[in-house]
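Chemist: Protein chains in written order, with this note's numbering: chain A, 2 to 331; chain B, 2 to 331; chain C, 45 to 457; chain D, 45 to 457.
Since the hints were made in silico from the structure, they are not lab data. Please note that a few of the clues may not be correct.
Some residues of chain C that are not near chain B, with every Cβ distance over 10 angstroms (derived) [unchecked claim]:
1) Lys115
2) Gly162
3) Arg214
4) Ser257
5) Arg267
6) Asp371
7) Ser401
Here chain D is said to cover these stretches of chain B; the calculated rule only asks that three of the stretch's residues, wherever they fall, bring their Cβ under 8 angstroms from a Cβ of chain D [stated by the list, open to error]:
8) 61 to 72
9) 90 to 101
10) 106 to 115
11) 122 to 133
Ideal placement from N, C-alpha and C gives every residue a C-beta, glycine not left out.
The residues making up each chain are set out below.
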Amino acid sequence: MSGNSVTMVEALNRALAEEMERDPRVMILGEDVGVDGGVFRVTKGLQDRFGKDRVVDSPLAEACIVGASVGLAIGGMRPVCEMQFSGFMNFAYGQIQPHMSRFLGRTRGGRRMPVVVRAPSGGGIRALEHHCESEEMSYVSVPGLVVLMPSGPRTAYGLLKAAIRSEEPVIFFEPKSIYRAFREEIPVDGDPYPIGKAEVLVRGNDVTVVTWGAMVRKCREAAERVAASTGAGVEVIDLLTLKPMDPEAVMESVKRTGRCVVVHEAPRTGGFAGEIFARINEREDVFYGLRAPLARVAAYDVPYPLFARENAYLPDTDRIEAQILRTLNA
Amino acid sequence: MSGNSVTMVEALNRALAEEMERDPRVMILGEDVGVDGGVFRVTKGLQDRFGKDRVVDSPLAEACIVGASVGLAIGGMRPVCEMQFSGFMNFAYGQIQPHMSRFLGRTRGGRRMPVVVRAPSGGGIRALEHHCESEEMSYVSVPGLVVLMPSGPRTAYGLLKAAIRSEEPVIFFEPKSIYRAFREEIPVDGDPYPIGKAEVLVRGNDVTVVTWGAMVRKCREAAERVAASTGAGVEVIDLLTLKPMDPEAVMESVKRTGRCVVVHEAPRTGGFAGEIFARINEREDVFYGLRAPLARVAAYDVPYPLFARENAYLPDTDRIEAQILRTLNA
Amino acid sequence: MAKTPAKKPPAPVPPGAPVAPCSTYAGASMVRFVDEAGNLLAGEAPFPDERVAELYRHMVRARRFDARMLKLQRQGRIGTFAPCFGQEAAQVGSIAACTPKDWFVPSFRELACALYRGAPMRNVLLYGMGLEEGSAAPPDARDLPISIPVGGQSSHAVGLAWAMKLRGERAGAIVYFGDGATSEGIVHEAMNFAGVMKLGVVFLCQNNQWAISTPRVHQASDRPLAERAAAYGFPGVVVDGNDLLAVLSVCTEAMERARSGGGATFVECITYRRGVHTTADDPRVYRGEEEEKAWESRDPLDRTRRYLEKRGAWDAARERALEEAVDAEMQVEIQAAEDYRASSVNPLEMFDYVYVSMPPYLKAQRDEAEEAFRGRNVVVGASAPWVPGGAAAVGQLEEAPPEDAAAPKGGAR
Amino acid sequence: MAKTPAKKPPAPVPPGAPVAPCSTYAGASMVRFVDEAGNLLAGEAPFPDERVAELYRHMVRARRFDARMLKLQRQGRIGTFAPCFGQEAAQVGSIAACTPKDWFVPSFRELACALYRGAPMRNVLLYGMGLEEGSAAPPDARDLPISIPVGGQSSHAVGLAWAMKLRGERAGAIVYFGDGATSEGIVHEAMNFAGVMKLGVVFLCQNNQWAISTPRVHQASDRPLAERAAAYGFPGVVVDGNDLLAVLSVCTEAMERARSGGGATFVECITYRRGVHTTADDPRVYRGEEEEKAWESRDPLDRTRRYLEKRGAWDAARERALEEAVDAEMQVEIQAAEDYRASSVNPLEMFDYVYVSMPPYLKAQRDEAEEAFRGRNVVVGASAPWVPGGAAAVGQLEEAPPEDAAAPKGGAR
Ligand SMILES: Cc1ncc(C[n+]2csc(CCOP(=O)(O)OP(=O)(O)O)c2C)c(N)n1
Ligand SMILES: Cc1ncc(C[n+]2csc(CCOP(=O)(O)OP(=O)(O)O)c2C)c(N)n1
Ligand SMILES: [Mg+2]
Ligand SMILES: [Mg+2]
C-alpha cells in the first residue's frame, strides 16, 4: 500500500489538515475532537498539530456547537464542527434550520455562512441505539443547506475540501460503515471535488441504479452480479451531492435505460428516492422513455433496530440485486 | 348560522373540551394555553372550565414540553401539548424523534405513548419569520409517529378526537390560514374521524388531485375552474392522514384517471409528493395505467419569505389550475 | 446573590426598594442610581449630563417611532410588530455601553437598540412591511438581524465573542433576550459555553415580567434569573432596568470586561413591557390595569427626563424640538419605505439569496415563477403588478440595474 | 454552597477533604460519612449494618456482572457496553433510597441500579446482544429503559413526577445523568420545570470526572454543578459519590421530599469512571495512570467492605460465598441469553412495535421482508438462519406461540 492509499478516516483527516494549513481561519470544534481525535479518530493528531485554539473540545451540547459555529462564521472564522453521530444532530436542528440555513437570505447576502457540520451517519457497525440513523431527509428538505455524502476515501477527501471552502452551510454526512472498509489513492494537496457533481461509476444501458454513501459499494456488487448472471448493462450512479441537486447524470442515464432503481439506507417512506422519482416525472423526455416502474430499495419503515437485527433492516446486496432483476424484467 | 356551525378554531376547542370531559386523564400543556387560551385561542376557556391542573401554562421550552408529555403519558396521563407554531417544533425534535416515536418499540410494546402534539402550521396569514413553515416531512419520515392534518372544522374535530384517543404519538398539524376561514357543521359529542382514511371530496375520471390541509380549498377551486372551462372530471382527494399512510383512495383513483397532480404547501424538494409518486410506481396496476407524468405543485425551494412575498411563494389556485390543465393535456 | 460589578462610575444603591409588583425579588439587591422622581440616590452624577441627554434623545426617538409603528400596523400599513414601549432605558442604556466594534445580537424587540446602532427607520419599516430588504446587513456593521426563535441567538453571541478572542480583537458581544427565553435550553448552553471558555458575552436579559401571557412567576422559580450566572462562573447583576444610569453603568463595566478577556456577565434588567406583546396580542386577557398603572409611574423616559430637568440639562423646548425633529425624520422615512413598496418590488428576489450562486434547478423554478407572476400582483401591499425590469430605487435600498433593460417598464411609483 | 439536607440519619461531615484530583471543588462542602479506610467520620452508624451489608451485596453483584459483560464484549459475545465500574456506591446508594412506587429513569450507565431494581441479567445480556427483547418493560415496573441521547430522559422524569402529583400518588422520580449531560439544554429545561412547578424529581448527577475524553474542567465552570440548583429554587448537594452511606443518606431525604410534595433536589455524586467510557473507548488516549491509581484507592467497594469488616458485619467467607452465588447466577443467565439468541430469533419482530396495530403498508413490508429473509441468516449472532415458526422460549422471554405452528422448525438451541 502506498503512502497515499488511505482509508476514509485518513482521507478526511488529511483534508482537514490540508485545509487548516491553507487557511488559518479554519477551525474544528465538537465533542471529543481534540485530545481524543474524535470517537472515530477523524480529527486525530490535529490538536497537537494546530493547537488548542483551532481544535476545540467543546462542552456536550449539539445545539450550541452549531449555534456557536454560526457566530464564529459571522465573526470571520471557518468552523468545521462535528456531531458525534448524526442521530444527535436532531438536538441542533433548531440552529441548523432556523439560523444556519437562513443567514444568507435573512441578510440579503450580507452574511455568508462558511460552516461545515460533519456527522457520521448510517448503520452497519453494530452500534447502539441512535448511532445508526440515516438522517439526510431532515436536511435535504431545508432550502439553503448543502448536503453532501461521500462514498469512499477519494470522494470524502475532495468533498470535504469543497465543503470547507464553500461559503454556504454544509451538512457533511460520513457513512460510518465505510470509514475503514477500504482504501483508495488520494493526492497530496489535491483539489476539491465539485459540489453538485454526481459520478457515473459503472456504465450500462439497461437499467440505472442511483445511490450514495455506503450503499454505493453494495450497489456495485449487486450490479456486477446482475451483469454476470444476465449480461444486462447496469449503470451505477453515485449522487455525492444530495442538495442542491441537479441530477443531470441521472436524467441522461434514465433517458437511455428507461429503467431506474434508487437505493438508500434511510427508511423508505419520505426517503430521497421519492424526490428523484418526482424529478424524473418532471422531465417529459425522460418520463416518456420509461420502460418499467421506478423502484426503490430502502430500509424498512421501522425504527433502526438494535444491532442483532440491523442486517435484516438494511438494504443488502441480495435485496438490491433482486430489485434490479425485477426492474429489468418489468 | 346554527350553533353547530363553527370555525376550525371552535371545532378544535370543542373536540378538546369533549375529550377532557370524557376522560379525566386528558390534559393540556404549552406556552400560553391557559389564561390566554393559546395565541390562536384554540384552548380558550378550557382552563376556566377544567382548572389549572389540567390546562397548564408551561415555561417557554418546547423540548421539555414534549419530554414532560412523554413522562406524563408513561405516568398515566393523556397529554395534549401545543407548540405555539410548527416552526418552533424543531426545538422539540430531539424529544419527538428519539423518544416519543420510539417508546413503544423500545419497551416491546410495554409503554404506550398517548401524546398529541398540536402545532399550527403553514402560511398565508402575513405572519413573521418562522411562523409560516410547513414542516410535515420532518415527521412523516419518522417511523412510529402518526401525522395528521385536517382541512376544515369537521375533519379537525373528528381527527383531534381520534388523536386524543389514540395510544400512539400524534403530530397534529393545524393549517393556520383556515383557522377561521369558513364554518362547517359539527355534531355534539360526535365520533372521531378514523386515522388513516383519506376522503374523496370531488369525483372525476380524468385527473386525480391529491392534497391536504389548507391546499384542499385551493385545489377544489382550481378543480371547479378546470371542470368549468374544459368539462374534465377532476377528482380531489384530501389525505388527512400523512402517516401511517395507505393511500388506497389515491391508488383507486389514479388507476381510473391515469393522471395525478399532488399539491402541497411545503417546499418542492423532499416534499410528500415524491412519496406518493413512489407509492404509485410501486403499484404496477396503477403505474401501467399512467397517461401523463406525475406532477406536483408546491412552494418554491426557498426559505419561506417575509409576508410581502408569501403570496408569490405559496401555491395558489392559478398555479394549481395551470398544472391540472398541463397534466390533462400531457 | 448577584455580585455588583459597578465600581466606577460610582454609587449603585443596593439594595433598592423592590420595584416590581410582578417581580418577586424582595430582599434581593438591585442596582439603582436614580429614583422614580429623577433624584440621584447617592453620590455624584456618574455620567456627564450631555451624555445622558444624548441617550435620552435616543429613548424619545425610539418611543416615538415605536408608537408610530404601532399606529401603522393598526392602519394596515405594516404587519405584526413587537413594540419596545417601556423598555427604552434597558435597551439604550445597554447598547450605549457598546462600541461599534462590539457585536449587537438582538432578539425581536430591540427597536431602540437597532436605532441607536444606526439602523435606518426605512429598513425597520420595510421589515415591518414583510420585505427582506429591511434586514439587509451593511457588510461592516457588527449588527445581527432580528432573531425570532426565542433564545437561539444567544449561541451566536458566544461564537462571535469566541471569534473576537481568537482574532485578538478588543471586542465583545451583547445578546438580548427576555425573561421567557431563560427557560430555553439553548440559553443555558450558551451561558455554559461562555462560562467555561471565558468568552466576552454580555447576556442582557430584559425581564419585562411577561412572556406573552405567561407571567414571570410561571416561567421560573422565584430566585432572580441573574443568580444563575454564578454557577456558570461569571457575575450576575440585577439592575433596575428603567433606570438609564444604572443600566449604563452596569453594562459599561460588563462590556469592558467582555472586551478585555474578563469573561461574561449576566445582566438582568427589571423592566416592564408596557404595551402589547406584539400587535397580534391583547394583554387585557391576562393582566390588569392596576399593574399597568403601577409601571406607568416607573416609566423610564419620565424618570430620565425628570433627572435631566432637575439638573437643568433638559426643558420643554428641547423636548418639543426633539419631537418635531423625530416626526420630520419619520415622515421622510415612511414615505421612502412606502415608495419602495409601491415601486414594483420584485417577488423573484426570494430566489437570489438561497445560495451564493443559484443552482440550475432553482434557476428553473425562478423562470417558472417569473412566468407565473407575469402581470399579476403577487406582492402583498404592492399597488400594481410586478413587471420584470421595473425595479425600484430608493436611497440605500437601490437595486442592481435590471438584467434585461429591454423588458417592458412598469409599476407605479 | 450546597445546602445539606441530610438531618436524620445524622452526621454528614462538611466540608470533607477534596477527594478528586480532577474535581476542582476545593473549599466546597461535600457530604461524607465514611473515609477511605472505612472509618465513620463522626457520630453513630446511620444505618443498620444488615442494610449496609445488603447494599454491599448489590454493589458486588453489579461489579462482578459488569466485569463479566466487559469480558463478553471482548470475546465478541455482546456488543458495545458502558460499564459502571467505580460508580457502584453512587448508583446503589441512590436507587436504594427509592421505593418500587418511585420511578427509575436511567441514562445508559446504571447497570447497578437496574440490577437493584430487579432487571434480570438475561435481559441486560440480550440488550447487549442487540436484541430489543432485553428492554421489554414489565407493565407494572416503574423502570424506564436505557436512554442514550445524553440528558433527554431528564424531561421524562419531570413528566413522571408531574403525573404522580396530579394523580395524588406518593411517589417521586429519580433521574440519572452524568457531568457531561449538565451541558445539554434539555437538562436545564427539566430543572427549570421541576423548580417552578415544585415537582418531586431527584436529579442524580454522577460526576465521574469525564464525558468520554472531555474532562470535567472543559465541560463547565469550576463551580460545583450542584450549585446550579439554587437558582432553580431547590436544594443542591455535593456528596462523596464513593461513600455509600453518604449517598444513601442524602438520597433518602431527597426522595422523601420528592414523594411528599417538597419538590426537587439536585444531588451531585463526586465519583469516577474507573473503566472505559464504553467498550469502544480507549482512556489511555486522554488520561494518565496516576489519576486512575488515585481513584482506585478511593474505590467504593473497598471502602464499604472495610467499613463493614470493622463493624464485624462482613468477612472473607461471606465475600467468597457472595462471589460464588453471583458467578452461578451469571452462568445460568448467560446460558439463557445465549440460548435465546441461538434459538432462531425472529428478525421480523422489528415490525411489531412500530404502531399498536400494524398498518397495511407495514404489513406489506413485513411480508416482503419475510420473503427476503427466508432461509438466510440475517440476525447478528444467530447460529442458524431464521425460519418462520421457529421462535424460542427462554424463561420470561417466552414468545407468543408461533402463528404458523405447521411451519418447519429450525434453529439451534
Ligand atoms: C422557540 C420559540 N418558541 C415560541 C415562540 C413564540 N414566542 C414569541 S415571543 C414569546 C415570548 C417571549 O418572552 P420573553 O423571552 O420574555 O421576551 P419578551 O417577548 O417579553 O420580550 C413566545 C413564546 C418563539 N418565537 N420561539
Ligand atoms: C445528545 C448526545 N450527544 C452525544 C452523545 C454521545 N455520547 C454518549 S455518552 C457521552 C458522554 C456523556 O458524558 P456524561 O454525561 O458525563 O456521562 P458518563 O458517560 O460519564 O456516564 C457522549 C458524548 C449522546 N449519546 N447523546
Ligand atoms: Mg418577557
Ligand atoms: Mg461523566
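Chemist: All the hints need checking, so say for each whether the structure fits it.
Modeler: Right, here's what the structure says about each hint:
no.	hint	verdict
1	Lys115	holds, 18 angstroms
2	Gly162	holds, 22 angstroms
3	Arg214	holds, 33 angstroms
4	Ser257	violated, 4 angstroms
5	Arg267	holds, 14 angstroms
6	Asp371	holds, 26 angstroms
7	Ser401	holds, 14 angstroms
8	61 to 72	holds (count 9)
9	90 to 101	holds (count 4)
10	106 to 115	holds (count 8)
11	122 to 133	violated (count 0)
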